[in-house]
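Whole structure, please, built from the sequences with the hints as guidance.
Chains as they are written, first to last, in my numbering: chain A, 29 to 396; chain B, 29 to 396.
In short, the hints are calculated from the structure, not lab data.
Hints should not be assumed to be uniformly reliable.
It does not matter which identical chain is meant; a pair holds if it fits inside one copy or across any two.
Claimed, not checked - Subject to a maximum C-alpha distance of 20 Å in a straight line, what follows is the list of computed PhoX-like cross-link-like pairs (lysine-lysine): (1) Lys-100 to Lys-36; (2) Lys-128 to Lys-47; (3) Lys-227 to Lys-180; (4) Lys-381 to Lys-91; (5) Lys-128 to Lys-69; (6) Lys-47 to Lys-234; (7) Lys-311 to Lys-274; (8) Lys-215 to Lys-234; (9) Lys-36 to Lys-297; (10) Lys-305 to Lys-100; (11) Lys-297 to Lys-91; (12) Lys-297 to Lys-100; (13) Lys-64 to Lys-100; (14) Lys-289 to Lys-64; (15) Lys-318 to Lys-128; (16) Lys-64 to Lys-215; (17) Lys-284 to Lys-71; (18) Lys-297 to Lys-128.
Protein chains: 2
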Amino acid sequence: MRIEINQKEFYEGIQTVSKAVSSKTTLPILSGILLKTEEDKLKVVGTDLEIGIECFIEAHIIKGGSIVLPAKYLTSIVRELPNEKIILTTEASNNTAQIKCDQAQFNIHGSPADEFPILPEIESGVRFTIKQNKFKEIIDQTKFAISKDESKPFLTGGLLIIEEGNIKLVSTDTYRLAYREDQINEKDISAEKVIIPNKTLNEIAKLLDNSEDLIEIIITENQILFKFSGVSIVSRLIEGQFPNYKQVIPNKNNTKVIVDKNELLSAAKRASLLAKKDSNIIKINLEKDKLIITSNAPEIGQAYEEVSISLVGQETEIAFNAIYLMDCLKVIDSEEVVLELLGSLSPGVIKSKSEDEYIYVIMPVRSA
Amino acid sequence: MRIEINQKEFYEGIQTVSKAVSSKTTLPILSGILLKTEEDKLKVVGTDLEIGIECFIEAHIIKGGSIVLPAKYLTSIVRELPNEKIILTTEASNNTAQIKCDQAQFNIHGSPADEFPILPEIESGVRFTIKQNKFKEIIDQTKFAISKDESKPFLTGGLLIIEEGNIKLVSTDTYRLAYREDQINEKDISAEKVIIPNKTLNEIAKLLDNSEDLIEIIITENQILFKFSGVSIVSRLIEGQFPNYKQVIPNKNNTKVIVDKNELLSAAKRASLLAKKDSNIIKINLEKDKLIITSNAPEIGQAYEEVSISLVGQETEIAFNAIYLMDCLKVIDSEEVVLELLGSLSPGVIKSKSEDEYIYVIMPVRSA
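If you want it as structure tokens, here you go:
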């Protein structure tokens, strides 16, 4: 291979695909990035066999070819090069690459490209599109509630549902559940329900920008493909039965409160400073026109916070893990939120007051 | 005590003094901050007995008093409060404090102020002043070469010398030595030579701003006092004999090179990526008009870098630990630097090309 490629574009491409490269892999070839010329572009690929990221970069191809180079060294070298033309030459006979740029020259040992796993080709399946900024928001509003508990693999991902022109993303760690619904561009496609791994959702959310450009998503039986901004991400899906989230979302309440999101978040944040270290419990008392948060860390002290509200229904009280409450307030984009309670021992519901359909269910804790 | 104090000013004050508070202390009172009314101000003090920081904050004193409050909780609570008036009330009978701000109220358990150590009062000694930005630069250009080796305490600080209207700060970890000289405002004061602990220099460099306001420094036999921007820092000095730095700085050379600092830094940074993991060795070859850096990490590959130079004297070669070379290039403020060499096995010297007197001595390593 012999190509000329711009440093900035090359760096962006290998940085993108290196997100799929695992630092701790038992298969040495997976710590590398595949570089392969295809027509007038350089294809770069990284994978840990769970997720694969592929990216095409504009390049002047003098002689075609392919090689696998160590991701860590390749990215750190290209990052430090000046923003000029890089000449990349590989020698198939001994699997080495030469990177030349300005007065700098690097020789790196690589591996033959045919040892690198081939990403599955996904062409048919349930296909739909949605704006990048919208899909990013959907992920950001739900991913934090995904379970880290590997003993229940079906909770370690987000449940993606496509039905009747709508997209739904649901996540739960059994202490709280986050649900977000929106529209997709395609109205007449088959219904689908799959569980996407946490890592995949996280990496996609990082790579998506805030533009209204479309992301294309294709779902097959075992895999899901995301295509946007010249990047393709293919990920395995998680097998298993996701819990029936509809049963978890309460459909009645005795108390309904409208409260300023930022005021509630600030008050919860401060009160959490004096919550007990292990449980993080804060108590919430709902009165006619105010919400009172209290906490008590016996050795340290107590906190008392008041926030103005408008309340419909019964006055009540409930206790939450402060972190679970703050997690959702940080990602809701409306100025006000709605808090719905049935009683002190029933799950609380927090909803966005914007047009977006966002529901967050949070289990109460018994306060001492 | 009962006072009214502005949130922002209160937070800045306790944040400043909390830099002296050690998180791991065997004396519980030292994890706290002393708050004490003095005339129309609130004095706040933090100390780990090695270094003490004291700061005065404007406050409306309704009733005088004093208390010690846990630094960690006090700073995190005050940080999260809105930028409004805080009412701080303490109850001497049970050593508690109440912090009220807007709709938030905190009760915190504290300790009696008389259990808090008293910082030494320093009034007489060798006294001089220098601009804050200048003193910050002097520290930043030398502190990174201070030894971390606790078995040689006299190397774990910077040597401060005052003589003939000049200030000198010297540091060494025996692998390299950094020397910076400048003028002070006072010409006729007694000569002094003391070793200031690394932590003290680091905290001062963080607190100094880039203004031309003066910092006042008073040196006594065992202590040093720094006063600037309403903050007083008193620190113990390190006992022992600092090595004779004049003997370490070479006074002759066979090769003198002028090189662009940023080009040399970039080239060294890239070459270091392929230096051997443990030794970080890069080789430097000096030819008539170019400086060549090479490195070799046997399993990974090789790097080759060229930088244009002007050379006077003999062509030669030398090998350095790349990190030691980069450390000094990062803090020199001139566009070009001067590299002086006597031979491959003698210490190299790097000097700033600006008017500031800066000398950096770096020991060569034997390259394989």
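Next item on the list: Determine which of the earlier numbered hints do not hold for this structure and return their numbers in increasing order.
Entry: The structure conflicts with hints 2, 4, 7, 8, 11, 14, 16, 17, although it agrees with all the remaining ones.
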